[in-house]
Every structure is written in C-alpha cells, then in structure tokens.
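Chemist: Take a look at the letters that make up each chain.
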Amino acid sequence: MRQALRELFGSIMRDASLSCDAALISGDLFDQGFVSPDTVAYVKKVLGDFGSPVFIAPGNHDPYNTASVWNSGAWPDNVHLFTSSSLGRFDTEIEGQPVTVWGWAFTSPKLDDCPIPAGFTAEPDRINIICAHADTSSVISRYCPMPLSLIEGSGCEYTALGHIHKAPEPVYAGKTVVSYSGFPQGRGWDEPGQGRVLYVEVEKGRAKIRIHPTGFRRYSELDLDITGSGSDSETAEMLCAAIPDDIYPQTSLKVYLCGAVTPSYKPEPGKILDSAAVRDGIDIVFVDETSPVLGAEYLESDMSVRGELYRALLPRLSSEDRDERKLASDALRIGLLALDNKPFV
Amino acid sequence: MIIRKIQIDEFGGLKNVCIEPDKGINIIRGNNESGKSTLMAFIAFIFYGLPSKRSETDRTDRERALSWTGGKAAGTLEIEYCGSEYRINRSCVLGARDSVSEQRQIIDLATGTEVFEDRQPGEVFLGVSQAVFESVTTVRQMGVGRIAGSDLGSAVENILFSADETVNTERALKKLNAAKVQYLPQRGGGGRIEELTRARDILKDRLIKAETNSVYIISLRSTVDKYRKVTSELRYKLDSAKNACNAYDSFQTLNRFDLLHAGEKKIAELQSEEKKLIEESGTDGKLPDRAYVEKLDELARRLGKSESELAVTGAEVRGKQSEQSGDSVRAASAEDISAAGGASEILNVYRKKLGKSGRRTALGIIMLILGTVGASASLFYFVPALGKLIPKLTSGLSFGLTIAGIAVFIAGVLVLRSAGGIKKTASGLLSGYGFENDGNDRKKAAAFADYAEDCAREKALRDTWKKDFDTILTALDAKKRETEALRLECILELAKFGYCKSPDEVLNSHKEAPEAHGIRHRTQIRELTDAELFNEILGSEDLSEKLISAAGSASEIALKHEKLLSDIDKYSESVRASRASLAGFNEDEMRARLSSEVIAALKKSNPSALRLEREAIETQLNHAGSKLTEAEKNLAIAEHTYENPARLSTELDAAEDELDKAKRLCAAIMLAHKSISDAGDSLRRNITPRLRARAGEILSGLTGGKYREIGVDPSFAVTVATPAGTKQVALLSGGTRDIVYFSLRLALAELIFPKSVPPLLLDEAASQLDDGRAAGLLKLLDTFSSGGVQSIFFSCHTREANILERNGIGFTLTELN
Numbered sequence: 001m002r003q004a005l006r007e008l009f010g011s012i013m014r015d016a017s018l019s020c021d022a023a024l025i026s027g028d029l030f031d032q033g034f035v036s037p038d039t040v041a042y043v044k045k046v047l048g049d050f051g052s053p054v055f056i057a058p059g060n061h062d063p064y065n066t067a068s069v070w071n072s073g074a075w076p077d078n079v080h081l082f083t084s085s086s087l088g089r090f091d092t093e094i095e096g097q098p099v100t101v102w103g104w105a106f107t108s109p110k111l112d113d114c115p116i117p118a119g120f121t122a123e124p125d126r127i128n129i130i131c132a133h134a135d136t137s138s139v140i141s142r143y144c145p146m147p148l149s150l151i152e153g154s155g156c157e158y159t160a161l162g163h164i165h166k167a168p169e170p171v172y173a174g175k176t177v178v179s180y181s182g183f184p185q186g187r188g189w190d191e192p193g194q195g196r197v198l199y200v201e202v203e204k205g206r207a208k209i210r211i212h213p214t215g216f217r218r219y220s221e222l223d224l225d226i227t228g229s230g231s232d233s234e235t236a237e238m239l240c241a242a243i244p245d246d247i248y249p250q251t252s253l254k255v256y257l258c259g260a261v262t263p264s265y266k267p268e269p270g271k272i273l274d275s276a277a278v279r280d281g282i283d284i285v286f287v288d289e290t291s292p293v294l295g296a297e298y299l300e301s302d303m304s305v306r307g308e309l310y311r312a313l314l315p316r317l318s319s320e321d322r323d324e325r326k327l328a329s330d331a332l333r334i335g336l337l338a339l340d341n342k343p344f345v
Numbered sequence: 001m002i003i004r005k006i007q008i009d010e011f012g013g014l015k016n017v018c019i020e021p022d023k024g025i026n027i028i029r030g031n032n033e034s035g036k037s038t039l040m041a042f043i044a045f046i047f048y049g050l051p052s053k054r055s056e057t058d059r060t061d062r063e064r065a066l067s068w069t070g071g072k073a074a075g076t077l078e079i080e081y082c083g084s085e086y087r088i089n090r091s092c093v094l095g096a097r098d099s100v101s102e103q104r105q106i107i108d109l110a111t112g113t114e115v116f117e118d119r120q121p122g123e124v125f126l127g128v129s130q131a132v133f134e135s136v137t138t139v140r141q142m143g144v145g146r147i148a149g150s151d152l153g154s155a156v157e158n159i160l161f162s163a164d165e166t167v168n169t170e171r172a173l174k175k176l177n178a179a180k181v182q183y184l185p186q187r188g189g190g191g192r193i194e195e196l197t198r199a200r201d202i203l204k205d206r207l208i209k210a211e212t213n214s215v216y217i218i219s220l221r222s223t224v225d226k227y228r229k230v231t232s233e234l235r236y237k238l239d240s241a242k243n244a245c246n247a248y249d250s251f252q253t254l255n256r257f258d259l260l261h262a263g264e265k266k267i268a269e270l271q272s273e274e275k276k277l278i279e280e281s282g283t284d285g286k287l288p289d290r291a292y293v294e295k296l297d298e299l300a301r302r303l304g305k306s307e308s309e310l311a312v313t314g315a316e317v318r319g320k321q322s323e324q325s326g327d328s329v330r331a332a333s334a335e336d337i338s339a340a341g342g343a344s345e346i347l348n349v350y351r352k353k354l355g356k357s358g359r360r361t362a363l364g365i366i367m368l369i370l371g372t373v374g375a376s377a378s379l380f381y382f383v384p385a386l387g388k389l390i391p392k393l394t395s396g397l398s399f400g401l402t403i404a405g406i407a408v409f410i411a412g413v414l415v416l417r418s419a420g421g422i423k424k425t426a427s428g429l430l431s432g433y434g435f436e437n438d439g440n441d442r443k444k445a446a447a448f449a450d451y452a453e454d455c456a457r458e459k460a461l462r463d464t465w466k467k468d469f470d471t472i473l474t475a476l477d478a479k480k481r482e483t484e485a486l487r488l489e490c491i492l493e494l495a496k497f498g499y500c501k502s503p504d505e506v507l508n509s510h511k512e513a514p515e516a517h518g519i520r521h522r523t524q525i526r527e528l529t530d531a532e533l534f535n536e537i538l539g540s541e542d543l544s545e546k547l548i549s550a551a552g553s554a555s556e557i558a559l560k561h562e563k564l565l566s567d568i569d570k571y572s573e574s575v576r577a578s579r580a581s582l583a584g585f586n587e588d589e590m591r592a593r594l595s596s597e598v599i600a601a602l603k604k605s606n607p608s609a610l611r612l613e614r615e616a617i618e619t620q621l622n623h624a625g626s627k628l629t630e631a632e633k634n635l636a637i638a639e640h641t642y643e644n645p646a647r648l649s650t651e652l653d654a655a656e657d658e659l660d661k662a663k664r665l666c667a668a669i670m671l672a673h674k675s676i677s678d679a680g681d682s683l684r685r686n687i688t689p690r691l692r693a694r695a696g697e698i699l700s701g702l703t704g705g706k707y708r709e710i711g712v713d714p715s716f717a718v719t720v721a722t723p724a725g726t727k728q729v730a731l732l733s734g735g736t737r738d739i740v741y742f743s744l745r746l747a748l749a750e751l752i753f754p755k756s757v758p759p760l761l762l763d764e765a766a767s768q769l770d771d772g773r774a775a776g777l778l779k780l781l782d783t784f785s786s787g788g789v790q791s792i793f794f795s796c797h798t799r800e801a802n803i804l805e806r807n808g809i810g811f812t813l814t815e816l817n
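Heads up: the protein sequence lines correspond to chains P and E, in order.
First residue of the first sequence: 1, per our numbering; consecutive thereafter.
First residue of the second sequence: 1, per our numbering; consecutive thereafter.
Keep in mind that the hints were calculated from the coordinates and are not lab data.
Don't take every hint at face value.
As the list claims (entries may be wrong) - Here are the simulated distance ranges between beta carbons:
1. E/His-640 with P/Lys-45: 33 to 39 Å
2. E/Glu-658 with P/Ser-319: 21 to 27 Å
3. E/Glu-639 with P/Pro-168: 41 to 47 Å
4. E/Glu-639 with P/Asp-113: 37 to 43 Å
5. P/Gly-193 with E/Glu-658: 40 to 46 Å
6. E/Glu-658 with P/Gly-188: 28 to 34 Å
7. E/Pro-185 with P/Ser-319: 28 to 34 Å
8. P/Gly-188 with E/Lys-226: 32 to 38 Å
9. P/Asp-21 with E/His-640: 51 to 57 Å
10. E/Lys-674 with P/Asp-274: 33 to 39 Å
11. P/Gly-188 with E/Cys-82: 44 to 50 Å
Unchecked claim - Simulated pairs of lysine to aspartate or glutamate, EDC-like, Cα-Cα distance not exceeding 16 Å:
12. E/Lys-320 with E/Asp-477
13. E/Lys-663 with P/Glu-324
14. E/Lys-275 with E/Asp-477
15. E/Lys-286 with E/Glu-273
16. E/Lys-480 with E/Glu-307
17. E/Lys-661 with P/Glu-93
18. E/Lys-661 with P/Asp-288
19. E/Lys-174 with E/Asp-678
20. P/Lys-45 with E/Asp-225
21. E/Lys-546 with E/Glu-170
22. E/Lys-226 with E/Glu-632
23. P/Lys-44 with E/Asp-225
24. E/Lys-663 with P/Asp-323
25. E/Lys-229 with P/Asp-77
26. E/Lys-661 with P/Asp-323
27. E/Lys-174 with P/Asp-340
28. P/Lys-44 with P/Glu-93
29. P/Lys-342 with E/Glu-170
30. E/Lys-546 with E/Asp-225
31. E/Lys-265 with E/Asp-569
32. P/Lys-175 with P/Glu-152
33. E/Lys-226 with P/Glu-324
Quick reminder that beta carbons are idealized off the backbone N, C-alpha and C, glycines included.
Go ahead and model the full structure; you've got the sequences and the hints to work with.
Modeler: Have a look at this one:
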C-alpha cells in the first residue's frame, strides 16, 4: 500500500507537470513521524522533476523541526518550504505575473494560534495565495484554528488548506476562495470515497477550482443485517446480495455484521468470504456486531444453567455500549459452547 | 402433553405414515432402518422445523429430514395440551440453492382455526429450545448405557447442577478456567496475553528504534549527500586549482624551456665567438690558455733569469780568467807527472828502470861473458886440440855449448840492449821534464822530485784555478746552452701561437723562397744555427719583451677563451640540467595547450597564492573526505541494522489487534466463567433444591418410601437417603440407580415444562438392560404414565412388549414396516 501511495504521488506530480505552473502542498505530505529514506529520496526526485515551483507548508503530522524529514538534506531548488510557524511568504513570477504565496509551518504537532494577524492584507499588485495547514472547523482546535474572518478582507485570490481529510465544499471568505484539497487516496475507512487533488486556475481577483480524481482504491462501509442467518454460507448470500452492483472495482469494504443470530452461530469471516462470490478487487473486512439472541426466547425460559447464563448476560447484551454488547455476546457464545463441551477457542 | 396422532406425509424415508399413540406407554416397534429415529426426528421437526445448515450435524439431520424422493418434509402432529387439542401442520420444500420454503400452522381442533400464528410450535407448547427438549425428553441408547455405568452419577449431577443431563457445569468451568489460564495465569508469569504483550512491546521498541534509525539514516544520508556535494565541489575547485597550478607550472616549464633555448643560443654564440677567437688568435684550432701564458711568463722569467745568470757567469768567467794563476808549464808537467803516475811513481819507475837497466846490464854482461865462453866452446870443436883439453867436452856438447854460448851471447846483447833501452826509458822519464841524463841519476831524481813537487804545487794552483775556471766555464757553457735552449723553447713556444715564426717555418720559408733569404742554391739550404735562427725570427726584438708581450696577448686571449669556455660550460651545465629536468615534458604540446592569453594571465599570477589556495582546498577536501567516509560508514552500519518502520508499524498494528483479540477473548472467557459459575450457584440455590425435593418425592413414591431423598454431599457427589443411611448413587444397585435417574429426569421435566410435561421419547432405552431391569424401567414408565406422562418407546425388539404383557402393564403397540 505504501509503495502504491508513493507511486500515486509520483503519478499526480507527473500529470500536474504537464499543465500546472506551480504546486501547493498544504501539509501532511508525510503521514507519520518516520519516513523511510527511500521515500524521502523518491519524493525529492519527484518534486525536482516537476520543475515548476512547489510550495510546501508542513502540517501537524510532518512538522518542520531539526529531526524532521524536511531537514534531511537539501531539497530541489524548485521546492519552497515554509519553516516557521510565523506567517511567511515566497515571491515568484508565474507566466509573467507576480505571485506571492503566503504560508507557515507546523513546527510541532500542535499549533494553537493562527499566524495570520487580524486585518491581514495581501499585496495588492500581486496574485496572492495562502498555502497552509489549518483548521477552519473549530476556533478551539489545537491544529491552527483559522476563522475565515481572518482572510475575508485579505484580498487573496485563493487559500489552499490542509488538515481536514474529508474535505468540505469550497467556500468564500470575502472574495477569497478557500478549499481543502482532501486526500489523493484514502488510507482507511476514515477516508472513504474517491481521492482527489484540486487543479486551481488563479488570476488576479479570481480562482476557479476543478476537482481532479485520483486514487487507486476506495474505502467504504456497509451495515449488513444477518438476522436469522445460521451459517456462514447464509451470511455470504446475504453479503453478496447487499453489495451494490456499481461498487467501485477496487474497494476496501468494511462490513458491519449486525442483527440477531442464534447463540451457537458465530460468523467466521474467512468462511463467509470463501462462500461469497465477491469480485476481485473488493477486499472485505468484517466487524461482528451480531447479537447471539436469535431463538433466545427459549433460553430466557430455560431452567438449566444455559438459561441462567443467558439471563445473567442479558443486561449486557442489551447495553448501549458496543463493546459491552460484544463482550456479552462472546461470553454467551463461549459459555454455551463450554456447557455443550464443544471447543470455544 | 399427549401426542394423539403422528401423520407423516413425507419425511426422510417415511411416507404416508400414520401413528396414533395412546396416552400411556406406547411401543413403536420396527426393524432396523424402519424409520424409528426418523419418527423421533419428525416429532422434533413438527415442533421446531428443519435444522439450519449451521453445523454438519444439523445439515445431516436436515438432509435426512427432507424426503429422499421429493425433497420435501411435511406432516402433522395432533396433540393434547393443557386440556385442548391442537393439530400442528408443517411442510418444508427444498428450493433453489438449497433453500427451503416452509409452511406451518397450529390449528385449534376445537375451533378448527389457526392459532399462534407466526410462532414456533416448540415455543408455544414446549417453551424450551429444541436442544433442551431433546435433552430432557429424549432418552437414547447412550443415555441408557450411562445408566448402567458410573456415568449415572455424572448424569444425575448434571441434572442437579445444570438442570441438563448433558451439561456438566463443573467441566465447563474447568474448561473455561483452563482456557483463561492459558491467556492469563493466576500466579507467576506467562500466558498468551503476556506473550502477546511482550511481542507487542518488542515490536514497539523495534519501531521506536526503527523510527529513530530512520530519522538517523535520513540525517546521515543528507550528511552524506552534503559531504558528497561538498567533496564534489571541492574536487572541482581542486581540479581548477591544480589546473591553475599545473598551468602555472607549465608556464614555468615553458619559461625554463625558453631559458634552455636562450642558453643553447648563448652557447652557440659563445661557441661562435670561441671559433672566431680561435680563428683569429688560435693555431691549429687551439688558443693560448692560462697554462700557455704561465708558460710564457715562466719562460720570460726563466729567460730573464737565465740571461741574467749567463751575464753573471760570463762576467765571472772573465773575472776568473783574469785571475788566472799557476805556471802552466809546470802545471802541465805536473799533469804529465800525474799522468805518469805521479812523481813518486815516476821516480819509482825511474829507479826501477835504472835498477833493471843496471841488472840487465849486469846480466847482459854476464851473458856476454858466458856467451863468449860458450861460444868459445866452439873452439873446442873446431880446434880439436883444444877439445882434447877437456875430455868430457864432446863435440856435441861443444856444439851445444857453442850454440848455447852464442845464444847466450846474443841474449846478452839483447839484454844489454834492453838494459840500455830501459835506461833510456828511465832517462826519458825525466828528460821530458827537462832533466837530461847527465849521469847523476840520484841528483836528477832528487831534482826531479823537487821539480815534481814544484810542478805539483803549480799544478795544484793551476788546477784549482782551472777547476774554478772550468767550473765557471762549464757553468757558463751550461748557462749558455740553457739559455739557448730556453730561447729556443721560447721561440717554439711563441711560435705555437704565431707570436713568432717557428724554426720549421723559417726553414720552410728558406726552402720555399730561398732568394728572399739570400740563398742562391737549394744546396745551400741548411740548418740554421741558433743565432741565425734567432736573428731571423726575432730580428731586433728582444725575446723577453716578446715573451712578455706575447704573454700579455695570450693572457688576454686565454682569459677571453677561458671566459668563453667558462661561460660555455656554465651555460652547457645549465642547459644539461634544464634538459634533464625538462626530459619528461613535451614542449610543443605545452605551447599548444597554453594560449598566449593564458600565458599573459599567468604572468600576472602569484604562484604562492595559487599553491596556498590549492593546499587550502586539499585540506578542506581531506577534511570533507574524512567526514564523508565517517558518515558513509555510519550510514552503512545504520542501513545494515535498518528495519522499515512502515513494515514494523503494520506488524505492530497486527500485534495490537491480536493482543486486543486475546484480551477480549480472555475477558469473554472470564465473563462466561463467572456467569456460568454464578448461574451454577443460582441453580444450586434455586433450582437444585426444588429439583432434589421433587425428585425425592417421585423417588419415594416409586420405591414405596424406601428411598426418600436425593442429596449432594460436600464433595458434590449425589447421594440417596436409605434406611441404612446416606449412600452415594454410584454405590446403589443398577435398578435403584435407574429409579433415581428417571426420578430426576421427571422432576426436571416437571420443572422445565411446568405447564405440561411432553412425552418421554425412549429410543432403544432398554436394549442394554437385562430382562429384570428392563421390566423395572417399563414399570417406571407405567408409574409415570399414571401421573399423566406419555412415553413412546422405540424398539426393534419384541422384548419390551412381552415384558409389559407379562407384567400386565397396558400399552399400545405400533409396528413400523
């Protein structure tokens, strides 16, 4: 997966080099504190090969400091890196037009204050762009809270933001277009859907965004009620019926198995997948949230220890807490199997 | 509950089977594979439907249930329940993909209407799960087997503590505990969770290390890159500096080549100058040198000295000559005398001669006498008369004597002559000195001696003068010769380099142009004397002055030549050294390489500055190189031990998941254990006493009060109160154990089915029993039936029917074909 992500980055930059005059990377290019040396070398090469200016604002996952990847030697000459948590700028000329790119860097995993001063006004004779890692969703965010009011009167044409992976729709702050780029490729179910980068046409007083889809894989979730299923093959049938026909061919699908099953049935993901005719490219992981209470009305009135076991666990089986319910379900299954002298591990 | 009618439309291998059991004991007899088990399964099917496909057993049962021909399971059960009669219809049809479509109905026979819609009959009429129903109401062969053995205790215990014969709470708890201990031992360390925790922690440490190492490697790589770049730049600079130094060296080398060529040119000039000098001032390709000059100087000095000495010597000679002393005549006489051996010798000889002369004279005389005498002998011969005077004198003898006398006479004459000669000689010895023979030899001798002495004295004087004079003369001659030789030598020496003609030149010129020299004929050409030669060569010039002049000139030339040679040597040495040092250099290539502009620039360069700069760059390069080497070494070490953090992170996530799963599982096991333990305690508190009490009642009823109570001792062993005391069930007879077992089964059934106890279904229950125990069992069933409990006995034997008949127990027999 990481190799594919690297290659995707290379592919995105190669595509961009064909039609873009600059690149804005608004933080978290590297998602972890550690980056393999090969990855660093690869990224440097890709950015260097891009040729045109690249402006980078380190984010909270890849802050700029002495031990960070940003300090791992020289970066290509076309890479302009913000290194301070104070507002900085790079002046350049693109297609004959003077352009100023404003920005800052996270120098630690947290940044409590936004560097943009109140009343900030950009250079009137230049095209002004802000490239930064910030959080517009909360004024008490610890990741550079940036109220839109700070840039409303700035006169900037465009603000390229990073931090919120599930990018909201672009908005206007005064005349400034503000947008989160999102993610080029989801890396988990917290980044569901299509990956993307933004191609932005910026002129004096105007910015126009075009979404450029990227990514080789999508993450998606599915709630599957398997009430009444008594076997993995039955569950597999239900699964196949529930998967939409138009599902993206390369999808990682998290299936939440829910509903009531008999206490003696515990869904086995491997066996379900073996029985399910799932297309290649669709990877499925299961989360078992079934409740082993199907037919449990018998257990409720069962005078034997089975019934006692069930009645003892019933309050937990109906708990609001998912973990509590899961624990009780597992305990009920295990208890019944143990009582039946069947293997339970 | 009483089953009134069993109607099988299709179920497994049975089709259109109808059985109407009675409310008491029912024997359904059939051969093996006649469908007895199928019949039992049908009853469960009507109440609970087809088993799901969830387990292999269930699938097997499901397949067994569906009709072998039509894939259908359908039938009806009519029951009496709590005073009402119901018909339960159920039909299952196998559909596509192994699916089953089911229809069921519960019909109230009194009203003919469907009741309890959408409810399972099992739930309505039994209120327990199929498993409970089967475990409580069904007695199979295996259950029977246990009755006979010690497992009865287990069955009874299970019923008491689990209210389920098949469930052993203690065993379940042990299994759960054993499983839990595997994950979480109570004492000491170990366990799966600890293993997984340790593995997780190790991975965490490795990840931290890998992250640190990754950062370190990134840092090292950047350091390596930095120093590589620095060293590359420094190498480039060093190359430039070296090139500059090399260019300057080349420039210097070219300068040296220029100097070399200048030197060669200079040598050529000097050699040309030398040649010219030789031509102008040399002879036979040679020039006068210092040695020649010194020679000339020396010759001049010597000549001067020699001439001076000659003059002095000449003067000495003249002086000496004028001092001539001593009588020359006498001196000459002295010489003669000396030549003759000296006066003494002369006198000696004179005397000897005189003496000899005298002796000879004497002798001569004697001889004459004798001779005469002898000769006179002849007279005797010739005069015979005389002969006779001497008789002995014979003729011979006389002849001999005559001869002899003659001889002697002659000899005497000779001797006298000789004596005269000798005397004459002796006189002559002195006469030469003026001493004539006057007969006084002695006086003469004395005078001669004086004369000789006198002569000797004169001679001595003269000799001394002569000696001195001769010496001086000799010296003069020698000096003359020396001077002449020296002059000749000077001439020759001068002639070497043309300062004068050489004797050969003069001679040759005489030969070549005799007329010029007044020689009329070639035959007149001769060797010139030294004087002539010198005259011809020098003329009126003074040889010494000539020498000095020549020496001066030669000195000049020699110095000039020496200077030239010295310069030539100097330049040659320099050129040689330059050539040697420039041996490996290709001048043409260097000139081609260094353009005039470059050379012009190099002229303005400071070589020291260039070298200093190169050295400085070399120092920097060495420093950077060692830094690079160190960084590369550290990088190699780090990369050798590098673990990919991304991979480790994935492993760590997996380890966390596994640990989490294990913890959850352990928690579930522990909760199950606790819950079962609590359930068991609850049962023992609530159900077990009731179960024991009711079972005790039933037991007492069945045994006529003989066995009244069923209990549990401190070790949880099931006991029975007997008249003889409390005994463990295992120690009782087989028949008693049967009664205890069935009492518990019935008590359990009453507890579980409080409304209406369903029929007991016995499948070959008595097959392992002897007739007595079988009879006992059947009697028990009869007792139960009097309490309203229906029992349906499935058997392939007729024995049970026979026993019932023999014991007068009423029953209903159905044959299955």
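Chemist: The structure should be examined with respect to each hint, and the outcome stated for every one.
Modeler: Consistency of the hints with the structure:
1. E/His-640 with P/Lys-45: 33 to 39 Å: 24 Å, violated
2. E/Glu-658 with P/Ser-319: 21 to 27 Å: 25 Å, holds
3. E/Glu-639 with P/Pro-168: 41 to 47 Å: Between E/Glu-639 and P/Pro-168, where Cβ atoms are some 43 Å apart, the hint holds.
4. E/Glu-639 with P/Asp-113: 37 to 43 Å: 40 Å, holds
5. P/Gly-193 with E/Glu-658: 40 to 46 Å: 30 Å, violated
6. E/Glu-658 with P/Gly-188: 28 to 34 Å: Given range 28 to 34 Å: violated, Cβ gap about 19 Å.
7. E/Pro-185 with P/Ser-319: 28 to 34 Å: 29 Å, holds
8. P/Gly-188 with E/Lys-226: 32 to 38 Å: 37 Å, holds
9. P/Asp-21 with E/His-640: 51 to 57 Å: 44 Å, violated
10. E/Lys-674 with P/Asp-274: 33 to 39 Å: 35 Å, holds
11. P/Gly-188 with E/Cys-82: 44 to 50 Å: 59 Å, violated
12. E/Lys-320 with E/Asp-477: With Cα atoms ~15 Å apart, E/Lys-320 and E/Asp-477 stay inside 16 Å; holds.
13. E/Lys-663 with P/Glu-324: Roughly 14 Å between the alpha carbons, so the hint for E/Lys-663 and P/Glu-324 holds.
14. E/Lys-275 with E/Asp-477: 45 Å, violated
15. E/Lys-286 with E/Glu-273: Holds, because 13 Å separates the two Cα atoms, which is no more than 16 Å.
16. E/Lys-480 with E/Glu-307: 8 Å, holds
17. E/Lys-661 with P/Glu-93: Violated, because 57 Å separates the two Cα atoms, which is more than 16 Å.
18. E/Lys-661 with P/Asp-288: Satisfied, since the Cα-Cα distance of roughly 12 Å is no more than 16 Å.
19. E/Lys-174 with E/Asp-678: 14 Å, holds
20. P/Lys-45 with E/Asp-225: Between P/Lys-45 and E/Asp-225 the Cα gap is close to 14 Å, so the pair holds against 16 Å.
21. E/Lys-546 with E/Glu-170: Distance ~157 Å between E/Lys-546 and E/Glu-170 Cα, so the pair is violated.
22. E/Lys-226 with E/Glu-632: Between E/Lys-226 and E/Glu-632 the Cα gap is close to 11 Å, so the pair holds against 16 Å.
23. P/Lys-44 with E/Asp-225: Given that 16 Å is the threshold and the Cα spacing comes to 13 Å, the pair holds.
24. E/Lys-663 with P/Asp-323: It holds: about 12 Å lies between the C-alpha atoms, which stays within 16 Å.
25. E/Lys-229 with P/Asp-77: 15 Å, holds
26. E/Lys-661 with P/Asp-323: 12 Å, holds
27. E/Lys-174 with P/Asp-340: 13 Å, holds
28. P/Lys-44 with P/Glu-93: This hinted pair is violated, its Cα atoms lying about 23 Å apart.
29. P/Lys-342 with E/Glu-170: The given pair, whose Cα atoms are some 14 Å apart, holds under the 16 Å limit.
30. E/Lys-546 with E/Asp-225: Outside the cut-off at roughly 92 Å; violated.
31. E/Lys-265 with E/Asp-569: The given pair, whose Cα atoms are some 13 Å apart, holds under the 16 Å limit.
32. P/Lys-175 with P/Glu-152: 7 Å, holds
33. E/Lys-226 with P/Glu-324: 57 Å, violated
Checked against the numbered hints above, the structure breaks hints 1, 5, 6, 9, 11, 14, 17, 21, 28, 30 and 33 and satisfies the rest.
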